[in-house]
Structure formats: structure tokens, C-alpha cells
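Visitor: Residues per chain, in single letters:
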Amino acid sequence: MSSSGAQRIGALPEFDELLATGDAKACCSALYANPAVRWLLGDELHPGGEATTRRALELIGLAAGEGLLDVASGTGASAILAAREFGSIVTGIDYGTEAVGRAQSGADAAGLRDQVAFVVGDAEALPYGDGEFDAVLCECSLCTFPDKARAIAEMRRVLRPGGRVAISDVVVDPEGLPAELTGPLATIACVGSALPVSGYRELLVAAGFRPVAVESRAEYAAELAQRVEDRLRGARLLGLDWAAGSPIEIGIAIELVGAARRAISEGALGYAILAASRR
Amino acid sequence: MLSRVCPEHGPLEAVVYGDAERYLEIQRFNKPGQKPLRRQTPSSRGCPHDCGICPEHTQHTCLGIIEVNTACNLDCPICFADSGSGPQEHGFSLSLDQVKSMLDAFVRAEGEPESVQLSGGEPSIHPDILEMLRAARDRGIQLVMLNTNGIRLARDPRFAPALADIGVHVYLQFDGFTDATQLAIRGRPLTEEKLRAVDRCGEAGVSVSLAVAVERGVNEQEVGKIVRFGIEHPAVTGVFFQPVTHSGRFRPDSNPLDKLTNPDVIDAICVQLPEWFRADDFVPVPCCSPTCRSATFALYDGDDLVPLPRLVDVEQYLDYVTNRAVPDPEIRQALEGLWSAKAAGGSGPVAERLDCVACATGMPPELREVAARGFMIVVQDFQDPYTLDVEKLRKCCVSEITPDGRLIPFCAYNSVGYREQVRLEMSRANGNGYGARR
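Each protein sequence line maps, in turn, to chains A and B.
The first sequence runs contiguously to residue 279 in my numbering.
The second sequence runs contiguously to residue 717 in my numbering.
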């Protein structure tokens with residue numbers, strides 16, 4: 001809330017058209033840059049917020065002076081944290097031009113202009129040469145990429161030999177997931193095309209990474225789902241006109257989040273950090 | 280657990296907060312104190328023996344209390360003020376002029392005090408009570424509360440309209456819905472009269488906070504029902520839960536190791552209304568010691584209820600310790616005014632601050648009114664001689680105003696001997712207050 005607090009929260013973006021184009025990356029990028037969505041999820045937009053980011057960077061042993069690429073950098077909060085707390089030199093890449101602009105303003109305002117840069121780009125075709133980075137961070141977004149294998153191959157390509165990657169993402173047990181949590185809406189809500197831990201691990205290994213750690217953050221996913229449900233209820237109670245531009249009614253959204261909460265408590269849905277190093 | 284050793288009486292242990300982990304966790308809500316405009320007494324004997332406010336005190340007064348009499352139309356077994364209906368030892372009844380000069384002392388100390396409460400005894404039976412309340416309003420105090428048992432409100436149909444005319448908020452003792460509860464706490468079944476009092480306020484347009492004395496084994500199981508009743512009644516704008524303090528009409532059998540404290544009440548509310556509340560909806564009030572008082576504001580549309588802290592990151596604004604980005608100062612100030620001992624649901628300043636928070640979080644203007652009607656729930660523990668901690672006392676922001684113009688922190692007044700001292704002085708000066716005219 002600190003940065004979005006004084007900002008008016010408008011309607012959700014009109015992303016039903018984006019959905020129709022089948023461009024999930026553009027849709028996600030637009031969705032997560034929206035102030036209403038940020039009000040629902042919090043500025044960090046992923047379970048555990050800063051604590052999860054910090055832990056992911058600890059697991060890959062990010063050191064001062066190292067070059068970090070933050071893939072799908074969104075609001076820029078994680079890149080700024082990596083620069084401020086770990087002293088690394090950070091490049092954030094995101095699909096959304098607006099998000100990149102705002103993230104850069106945030107970094108500049110934090111006095112990190114020399115340490116943090118944001119650029120517009122595609123995770124499946126990173127605009128960098130081979131071996132340019134010491135580490136890669138990818139939070140809560142791999143699950144939304146249509147071609148995950150290619151995105152991971154790209155991460156490996158831009159890492160130097162021995163470089164490390166930290167991925168934090170939604171994890172699912174496909175067999176335990178209820179029917180309402182599949183489909184296009186679930187996809188942009190990071191659930192529909194998420195993988196089990198073993199799925200991410202296999203992708204990493206196939207791309208030439210050696211997994212070094214896996215940590216569950218399911219309890220934070222439960223907290224985040226609770227927060228979203230509470231705020232959706234608040235929006236409904238206060239009559240905020242959030243249905244405008246949204247493909248679903250607020251009542252249905254509340255039910256969906258409720259289903260997600262139940263799935264988390266049953267272990268069919270969760271959140272995890274995976275750390276791996278480049279062979 | 281507070282553990283200490285008295286050179287005369289040996290060791291003593293007392294429960295001060297029923298959840299040790301939360302006790303430590305909420306210390307981050309301790310806002311640095313603000314100085315009052317003036318102090319009334321010098322420090323000579325050391326805290327807590329120089330009250331009034333002395334230079335050792337670290338906080339100004341958010342809420343001033345004036346006890347206008349000692350006479351009452353009830354004889355509650357739990358009365359911390361040791362009031363009653365019979366002839367009283369060292370009883371008194373203040374004159375209108377005395378109350379005016381006490382209000383003036385409060386204004387001198389605070390500049391523009393926002394809240395005052397007239398109490399007793401039973402203030403509604405004082406013959407000049409309406410003039411006293413008017414005198415408080417005349418001094419620009421926005422929230423003028425009458426702390427009453429409601430008997431006069433129930434019996435005298437002219438009383439609630441008279442309060443409405445002055446602009447008084449009623450702080451109504453309301454302990455539950457069963458005769459067993461009423462008998463244990465008030466000594467007499469009163470449910471019907473209480474309900475009539477609330478209805479009369481509703482008809483007259485007087486807003487009401489329910490003040491609930493909660494005692495272990497007596498009415499803990501009724502707290503959820505009281506909240507639900509309050510939220511659904513148009514006159515009621517908030518509920519104040521107060522674990523019964525073992526001061527005053529002190530029961531020698533009370534066990535300091537078995538005392539009900541704030542987290543016990545919060546947990547009882549959450550267990551009885553799980554669809555509405557979680558423990559972390561109750562955010563500590565930062566102006567006093569964060570263990571003294573916790574509060575929440577609930578938004579309700581007749582169907583669903585959402586506590587405000589789930590929509591606004593209140594903790595982020597009221598955390599004075601954890602190193603974070605400086606939050607929006609305007610929102611912080613509004614939240615500090617809401618999470619304060621001077622606040623009562625439905626009062627003008629509270630509605631304004633809720634509106635400010637609602638505006639800052641992007642609610643459309645026509646709907647901010649829903650937020651401005653936020654229902655306030657407070658859980659506030661008071662210290663007794665077993666639990667008295669001078670560290671907390673020094674930051675107390677609720678003061679008893681005495682006829683000689685001192686401001687004495689509430690728990691010191693009731694647990695250190697000030698009440699007895701004031702009664703003795705007043706009964707000598709004013710005569711016995713028993714038999715105040717209606």
C-alpha cells in the first residue's frame with residue numbers, strides 16, 4: 001500500500017479482449033500492472049512478498065557486485081530489494097512498457113539509478129548475449145509463460161557457467177486440482193498452467209541446470225489467497241465497480257479464490273522456491 | 280506474567296496479558312508519547328505517587344473522565360468506583376461550577392481536547408447533568424460521552440431527546456442478554472431496561488457505544504452475540520469490551536493468575552464470530568501501551584462484514600519499530616486518530632478519519648459513507664493493584680480529571696489510592712452526595 005496508497009483504484013483492466021487474442025503474456029503483464037490488482041495482492045504481487053524474494057536470493061547465495069537478471073520484474077520491488085539488500089547490479093525485464101517505466105521511476109526515486117535498470121523485453125527471447133549474468137530471478141511468472149522450456153533455456157543461455165537461478169512459483173498437484181481452477185482465468189491467476197514441483201525440476205534439469213534447493217511457501221499462498229478474498233469481499237461490500245472490464249463478476253471471483261484457498265489447505269495448490277545452478 | 284517481590288508481603292505473580300507471544304509481538308505498535316501543553320504537579324515522591332500529570336508522565340491525555348457524583352441507582356458487585364444507592368461513606372456530588380472548572384483545566388492541559396466522558400456514580404441522576412454535558416460541548420469538545428447504566432434512558436422518555444439536543448454520545452453499560460449475567464455483574468436483571476434504553480436512543484438519534492464488562496465464567500460466551508446485536512441495531516456504533524478490573528469493590532477471592540485479559544476477549548470474539556473476525560483484525564492502539572487496548576473498525580452492509588484492517592494495511596502505518604518505507608503521513612495521521620483512546624464509533628471526528636482513509640484507498644465518494652459508518656470494536660484492559668506497571672502507567676492517555684484540576688491516569692486513580700483521597704476531600708468540602716435529586 002505504501003506507494004499505491006494515495007492512488008485511486010480504478011476498475012480492473014479490460015483484458016477480456018487480450019484473453020481472446022490468446023496472448024497470455026501481454027494479458028498478465030497488463031493485469032499485474034493494474035492498481036486494482038495491486039490493491040488486491042499487495043505491491044509484491046506474490047505469496048510471502050519481500051520475505052519470499054529475500055529467501056530466494058539467499059538460496060542462490062547472491063553476492064554484492066553480482067549481475068542479476070529479474071525476469072518479469074513487474075513493479076520492480078524485487079529488483080530494488082536485490083540491489084538494496086544484496087548489493088547486486090540488477091536488470092529487470094518485463095513485457096509491459098508501462099510497468100517498466102514505473103519500476104524505473106521507483107528505482108530512481110530510491111536512489112538506485114546506477115544499480116538498477118529496467119527494460120522492455122520477452123522472457124522467451126532475452127535481448128542479451130550468452131553468459132552475461134551471474135544470477136537470474138524469476139518470480140511467480142514462469143507458470144504463465146506459454147513455452148516454459150524455452151524461457152528456461154533462455155535463462156541458462158544468459159548465465160555464465162556456474163551461474164544460479166532462483167524460481168519462485170505456483171505449484172499444483174494436477175490430480176487434486178478442482179475443475180474450476182483450470183481454464184484461461186486460472187491461467188492468468190497463475191494456477192491453470194502451473195506445474196508440480198517435479199515438473200519444474202524436470203524442466204530445469206533438461207535445460208542443463210542442477211537443482212540445489214526446493215522450499216515450500218504454501219503458508220504464504222494461503223495468506224495471500226485470504227487477503228484477496230477479504231479485499232474482494234470489501235470491494236463488493238463497498239460497491240466498488242470492479243466488474244467493469246472484468247470478465248467475471250465479483251461474486252464468482254470470491255468463489256474462485258475460496259476454491260483456491262481450499263485447494264491450498266488440501267495440498268493441491270501451493271507455492272515454492274526452486275534454486276538451481278548452471279552446469 | 281508480572282512477577283515481583285514486596286519487602287513486606289513477599290512474591291506476587293499476576294497475569295497481565297493472556298498470550299505471551301502476542302505481548303512481545305505487539306510492542307512494535309508503541310508510538311512515542313506526545314507532551315501535554317501543561318503539567319499540573321511536580322515529581323517529588325516518584326511514580327505513581329505524584330499524579331496529576333507530573334513531568335515523569337510520557338503521554339498527553341486523549342480522553343478525560345469527570346466523575347460528577349458517587350451516588351448510583353444500582354449496587355453492582357463489580358463497581359471499581361465503589362458507588363451505590365445507599366448512604367455512602369465519603370460520597371459527593373459536584374456542582375455545575377466545579378465541573379466547568381474541571382473542563383477548563385482539561386482544555387488548558389490539552390488545547391483542543393477531542394473527547395470527554397462524564398461518569399460517576401451514575402451521572403444521569405445528577406440534577407445538573409444536562410447542563411454539565413452542554414458545558415463540555417460549549418468548550419468545543421466534539422465527542423462528549425455520558426457513561427451510564429441506561430436506567431434513566433429507559434424510564435424517562437425525555438432524557439434521550441435532551442441528549443440528542445446537546446449532541447451527546449451514550450456510553451452504555453451493556454453486559455449481555457441473560458439474567459445470570461446481569462445478576463453477577465449488576466446485581467439485578469436489567470436486560471429489558473437496557474434494550475429499551477438502546478431503542479430510546481435510536482428513536483432520538485443518539486449514537487450509542489455498548490460498554491461490556493467481561494468476566495471469566497460469567498459472560499465470555501456472550502461477546503459474539505453482543506457484537507452482532509450492536510452491528511444490527513441502528514443506534515449502536517461500537518462496542519467496548521473491558522475485562523472486569525479487580526479494583527474498587529474488590530473481591531478478596533479474585534485470583535491474579537486467573538484474570539481475563541485482552542487476548543482472551545479477542546479470541547472469544549473470533550471463536551464466536553469466525554465468519555467475521557480473526558485475531559489480527561484487532562490492532563493495538565499505539566497512543567497508550569499497546570497491551571492496554573486493541574481495536575478494529577468493521578464495515579457492514581447488512582449482509583457481509585469486512586474489518587477495515589483487511590482492506591488497508593493498518594499495521595504498516597501503526598508500526599513504529601520495524602524499519603519500513605515512511606508511509607503516507609496523511610493516512611497515518613487518520614489511522615492514529617481512529618486507533619486512539621479518544622475515538623468512539625459514529626462520532627464526527629471518527630467518521631471524518633474513516634472518510635479520509637476510504638478516500639485514500641480509492642473508494643468512490645458516494646460509497647465512502649459506508650466506510651464512515653465503520654463499527655468500532657475496542658478491547659481495553661485496565662490495571663488493578665495486582666497488575667499495576669508504572670512503565671505502562673506513565674504512558675496512559677485516559678485521565679480522571681479531579682476537582683482541583685489534576686489529571687490522574689485512570690489506572691493510578693483506581694489502584695494507587697487517588698480515588699479514596701479525592702472522595703475524602705470532596706465529601707468534606709461538598710457534603711455527602713447521597714440523595715442527589717432527580
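You may find that some hints are simply not true.
[As the list claims (entries may be wrong)] Pulled from the structure, derived: some chain B residues nowhere near chain A, Cβ distances all over 12 Å: (1) P286; (2) E300; (3) S322; (4) L375; (5) E393; (6) F456; (7) T457; (8) C549; (9) D560; (10) D580; (11) P588; (12) E648.
[Said to hold, decoys possible] Estimated spans, in silico, between C-beta atoms of each pair: (13) E670/B x S265/A: 37 to 45 Å; (14) G239/A x K504/B: 48 to 56 Å; (15) D417/B x R113/A: 54 to 62 Å; (16) K504/B x S265/A: 39 to 47 Å; (17) T470/B x D173/A: 47 to 55 Å; (18) L462/B x G239/A: 57 to 65 Å; (19) T182/A x P468/B: 57 to 65 Å; (20) T470/B x S265/A: 35 to 43 Å; (21) K504/B x A109/A: 36 to 44 Å; (22) E266/A x N534/B: 52 to 60 Å.
[Stated by the list, open to error] One side of the interface only, derived from the structure: several residues of chain B facing chain A at Cβ under 8 Å: (23) L578; (24) D583; (25) V585; (26) L590; (27) V649; (28) A650; (29) R652.
It is worth saying that the hints were derived from the structure and are not from the lab.
Everything numeric in this text was worked out from a predicted model, so none of it was measured.
Backbone N, C-alpha and C define an ideal beta-carbon position, used for all residues, glycine too.
Visitor: Run through the hints listed earlier and report the numbers of any the structure violates, in increasing order.
Guide: Of the numbered hints, 9, 10, 11, 12, 14, 16, 18, 21, 22 and 29 do not hold.
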